[in-house]
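Number of protein chains: 2
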Amino acid sequence: MQIATTVAEAKHITRAWKREGQTIGLVPTMGYLHEGHASLIERARRENDRVVVSVFLNPIQFAPTEDLDRYPRDFDRDCKLCEEIGADLVFHPDPAEMYHDPHAYVNIDLLSDTMDGAARPIHFKGVCTVVSKLFNITQPDNAYFGQKDAQQLAIVKKFVEDLNFDVKVNGCPIVREPDGLAKSSRNTYLSPEERAAAPVLFRAVQRGREIIAPNMKASELEAQMKAVLAEEPLADTEYVTAVDALTMQPVETIDRNVLVAMAVRIGTTRLIDNFSYELPRA
Amino acid sequence: MQIATTVAEAKHITRAWKREGQTIGLVPTMGYLHEGHASLIERARRENDRVVVSVFLNPIQFAPTEDLDRYPRDFDRDCKLCEEIGADLVFHPDPAEMYHDPHAYVNIDLLSDTMDGAARPIHFKGVCTVVSKLFNITQPDNAYFGQKDAQQLAIVKKFVEDLNFDVKVNGCPIVREPDGLAKSSRNTYLSPEERAAAPVLFRAVQRGREIIAPNMKASELEAQMKAVLAEEPLADTEYVTAVDALTMQPVETIDRNVLVAMAVRIGTTRLIDNFSYELPRA
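Protein chains in written order, with this note's numbering: chain A, 98 to 379; chain B, 98 to 379.
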């Protein structure tokens, strides 16, 4: 497995693969890899000749008030995991290598106006920009993103389509702890007491899955899920929302394919979870 | 010479060339080609195995008040010119093929805040977005832009660098009529009387070139160029500005490499012209 820390090295390695006609799968990550990332890398390994994992804690998707400084890091452990799964290249640039006096950016309207985009106004501009850069640097045939970050996945799919990037964007299922908590690098922030409280998000997802039905009022669905979250004293709900699966705009009734997503603070840690619902065909 | 009207066709043709290891030169145009465009296509022909000319009147770089509807078109004549010079592919999509419910975009700050960006607030967002799309669709090794649109050229170079596009951006000299008027599709808007007045822009460029010198006050340079423009009763000067060649920000003194650019209305027709000045090395 090779490790590249400069854009030039990463381009050089991936361009040689392209010239040989090899397919490339990219798994963009911010590091501190867990089983969720591992599932993405494993799938990339099965579906491509070459696998690139980017490990880059992208500063421009964090607001100054957010957790960039305390975000966990363990690059040696990340490399071991990538090597075990059989990645060919880990791309690990530092922020100065990725951003020299940057002025250009990629962004998206509508899909970024709701949920995490409303709560984190610069977040998706930073995501769209870094993912575009990673696509241009590594020229993947396939890219893999977790469905835990469902709005991010919808946004990446849409900007790839709108800007004609030659990349297939693949969403992969949420990987969970035995008690249902979605795997996340941010779970390390939780105290033991908070960690015990955190599966309340999954219980709200389960409640939502049980009761969702065609033509249900979204407000009724959201209220029942919020009631589950309210049973946990450590949980402070930021949003629970049913949105159109493509546009990320709130729906009034469950009359199309939807994403039902939530953000909840457990102590100071902001956790997200979601499920997708496809309307049965008539 | 092939003509593609869909993104899928253009990708299919250019991807086959890439697989064969052929280099591709792209000349993005809005059509109604003149000798300025011809010089770009000729240079692309000399420097690449394959030449793509895009002919696409990009609606998203025009404000509703601007001249999209009256912009001149003659696709048959454009194709003849491309074929004569030896282009391999003309990409001529319609707006609906390029934009299906678009929400993602590419944009740039700082460089787009001045001059044409100040006068035309959505213009460079539309340019960055369509050029990014054309790069992704045709995957050129080289792209060719005229120095007449000098701010556009600086912006494209910067977004290519910032977003790591694998394209070399080449600026090509302004092509002029015998009386000095820079070639432009918009020159067709001019009445005979206005056409006779229009070379005043070039006379202002010439005056600027004669008097510019290291450590000159930019205000003095601009005033002398504006005085030339003021001699022509049909000319209404929008701006004459000396800016840093890289950042497009106004300078106070000529103490670095600069672009000196102007926009002038002749009747209702907005014309632009410019020259670049490199500071002599100490």
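None of these hints come from the bench; they were simulated from the model.
Just to be clear, a hint being listed does not mean it is correct.
Heads up, the list lumps identical chains together, so a pair's fine if it works in one copy or across two of them.
As the list claims (entries may be wrong) - Think about it this way: if two alpha-carbon atoms lie no more than 27 Å apart in a straight line, the pair counts; the simulated DSSO-like pairs of lysine-lysine are:
(1) K108 <-> K254
(2) K108 <-> K323
(3) K177 <-> K314
(4) K108 <-> K314
(5) K108 <-> K265
(6) K280 <-> K265
(7) K323 <-> K280
(8) K280 <-> K222
(9) K280 <-> K254
(10) K314 <-> K280
(11) K108 <-> K177
(12) K265 <-> K115
(13) K323 <-> K177
(14) K177 <-> K115
(15) K280 <-> K177
On a predicted model such as this, the values are computed, not experimentally measured, just so you know.
Indicate which option fits the pair K314, K280 if close means a Cα-Cα distance not exceeding 27 Å: within, between, both or neither. neither (30 Å within a copy, 61 Å between copies)
Checking an output row: K323 and K280, CA cutoff 27 Å. Within, between, both or neither? So K323 and K280 pass the 27 Å test inside one copy only (21 Å; across, 64 Å).
Given a CA cutoff of 27 Å, do K108 and K323 count as a within-copy pair, a between-copy pair, both, or neither? Answer is neither: 47 Å inside a copy and 47 Å across each miss the 27 Å cutoff.
Checking K323 and K177: alpha-carbon separation at most 27 Å within a copy, between copies, both or neither? neither (40 Å within a copy, 65 Å between copies)
Between the shortest in-copy and the shortest cross-copy C-alpha distance, which are at most 27 Å for K177 and K115: within, between, both, or neither? within (26 Å within a copy, 35 Å between copies)
Within, between, both or neither: how does the pair K280, K254 come out at a Cα-Cα threshold of 27 Å? within (22 Å within a copy, 41 Å between copies)
Within, between, both or neither, where K280 and K222 count as close if Cα-Cα is 27 Å or less: Within one copy only: 24 Å inside, 38 Å across.
At 27 Å max between alpha carbons, let me know whether K108 reaches K314 within a copy, between copies, both or neither. For K108 and K314, neither the intra-copy (50 Å) nor the inter-copy (44 Å) Cα distance is at most 27 Å.
Is the C-alpha distance from K280 to K265 at most 27 Å within one copy, between copies, in both cases, or in neither? For K280 and K265, the Cα distance is within 27 Å only inside one copy (24 Å; across copies 42 Å).
At most 27 Å between C-alpha atoms: does K108 with K254 qualify within a copy, between copies, both, or neither? both (23 Å within a copy, 19 Å between copies)
When no copy is specified for K108 and K265, does a C-alpha distance of 27 Å or less occur within a copy, between copies, both, or neither? Both, since 19 Å and 15 Å are each at most 27 Å.
Reference check for the pair K280 and K177, CA-CA at most 27 Å: within, between, both, or neither? within (19 Å within a copy, 60 Å between copies)
Hint compliance for this structure: hints 2, 3, 4, 10, 13 are not met, and every other hint is.
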